[in-house]
Amino acid sequence: MRPALLDLARQRTVLLDGGLGTELMALGMSLGECPEAWNVLRPDDVKSIHRAYFEAGADAVSTNSFGGSRIKLASHGLEARAAELNRAAARLAREAAPPGTWVAGSIGPTGKFLKPQGEFTEAEFESAFAAQSSALAEGGADVLIIETQYDLREALCALRGARLTSLPVFVTMTFNAVPRGYFTLMGDSVARALKELEKEGASAVGANCSLNSEQMVGLVAAMRGETGLPLIAQANAGQPAVGEDGRVVYSQSLADYVRFVPGLIRAGAGIVGGCCGTSPAFIKAMAELIPGSRRRA
Amino acid sequence: MNKDGLYADMKQAIVEGDGAKAGRLAGEAVRAGLALPEVVEKGYVPGIQKVGELWEAGEYFLPELIASAEAMKAAMAALEPGLRQSGVRAATCGKVVIGTIEGDIHDIGKNLVAAMLQAGGFEVHDLGADVKLERFIDKAEAVGADFICVSALLTTTMVNQKRLVALLRERNLRDKYTVLVGGAPASRKWAEEAGADGYAENAVAAVKLAKDLASRRA
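First to last, the protein sequences are chains X and L. The opening position of the first sequence corresponds to residue -9 in the working numbering, with each subsequent residue numbered one higher. The opening position of the second sequence corresponds to residue -15 in the working numbering, with each subsequent residue numbered one higher.
Isolated chain X (complex conformation) (with noise of 0.2 Å):
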């Protein structure tokens, strides 16, 4: 049996995978389409992104499902789809998978609130995760990465789902600085999200999305206080801005943004990557700086 993600990050830093969306809207992809039909409609550009982030030095991608839950499908019409679509995400994937590397399910919220605030119910919120969970699973993924999560509720809503396949699951939530310290939209704090997703069976945690590569170094930092497992950080390339020609350009340069990686990793970060804004070409200047990376193996 191949060993696991997890063994790898206990004898060195692994890279993830940068953004997805970006590269998929740079392939044509046009608003307000479903990202993950794109599994089914254009799975060959799907798996060119996969192949370049591999290529780049990435130990493991995120596959094409991060909309993946039935819930957020259905604000596309496709629920119905959704074993479908998560099965074709994790497949794709693992077909760009080079011998050494790994592939990781992505799950993302489901856009819409727990009661009081909304109207779902936590039993709601787990069967769609689990049900979204199990097609990763038999589409061929190593392990499961609940991202992007601004509810601690939702995400341990999302964590009981995926523990019922047996593969390891890898929890980040998104967390903003305010006054008092880092808390997530909903108030959560570091400590608190950290501890409960712990106690609920994750194998790594940390932090992804809303801060640059800078800003992380802090969060990682006090995240390293709160729990003994791997840690994750996944940064945004700064804040998005349309330049002249109307494109999308983000305010952390690539140089910028890896310089602070070191940093990342002496803060305690063991699993690294990148989120909105970040490219193959940040993920390949990154693997450069890992000893013991893909890149510099």
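If you are wondering where the hints come from, they were derived from the structure by calculation, not from laboratory data. Heads up, some of the hints might be wrong.
As the list claims (entries may be wrong) - Where chain L lies over chain X, by a calculated footprint (3+ residues, C-beta under 8 Å): (1) 101 to 112; (2) 166 to 172; (3) 175 to 186; (4) 221 to 231; (5) 244 to 253.
Model, not experiment: these values are computed from the prediction. Think of the CB as a built atom: it goes at the ideal place given N, C-alpha and C, for glycine as much as any other residue.
Given chain X, work out where chain L should sit, using these hints.
Only chain L this time, still in chain X's reference frame:
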């Protein structure tokens, strides 16, 4: 009846996000024959202001904001018949048409801004998500809006905020409305670039900005 005590309780009900209490106290004020515009101004508005301060201090988060906005709605619903009957309208800060831009289905932030604007005394017309540019303008024309508030979560849909401003110009309506943009990728710089009148980082800041701009419009 001790008016000051009642107003303090009303404020507290909003700060605690206790809709049942906020509504019950509003009913008491109606039965006691109090001047309802004053009840709004001295009882409930200070509550929602306090909520804004707690948010800015990092004490309150989205669940508290939603609960407080709902409590405000419950109070206003209880006061509304009395306000209408007496022919006295609670002072409205202005009319707002709000929605998430064409191509974008994300509405969490937009809903919160709509709720807080309403709690803050604006008449809010919420068009929902994935709203066509023309619909923003048609609705604003139909209700005689002062503000058009446009949300976008995605960098890819954000460009439509700029197109909305262009469309207003095309139809010679640009100066008629104050256009505010918001959403994760938006910024003050983007608002300038898009030709909008303002940007706010969150729902609390949006209410402040809208009130500030409304007083300048008046």
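Original post:
Are 3 or more residues of the segment 244 to 253 of chain X near chain L, judged by a Cβ distance of less than 8 Å?
Top reply: n = 0 at 8 Å, threshold three: violated.
Original post:
Are at least 3 residues of the segment 166 to 172 of chain X within less than 8 Å of chain L when you compare beta carbons?
Top reply: holds (count 4)
Original post:
Three or more residues of the segment 221 to 231 of chain X near chain L by CB distance under 8 Å?
Top reply: holds (count 3)
Subject >> Check of the segment 101 to 112 of chain X against chain L for coverage (Cβ-Cβ below 8 Å, three residues minimum) >> reply: holds (count 4)
Original post:
the segment 175 to 186 of chain X covered by chain L? Criterion: 3 or more residues, Cβ-Cβ distance below 8 Å.
Top reply: holds (count 3)
Comparing the model with each earlier hint shows a violation of hint 5 alone; every other hint is respected.
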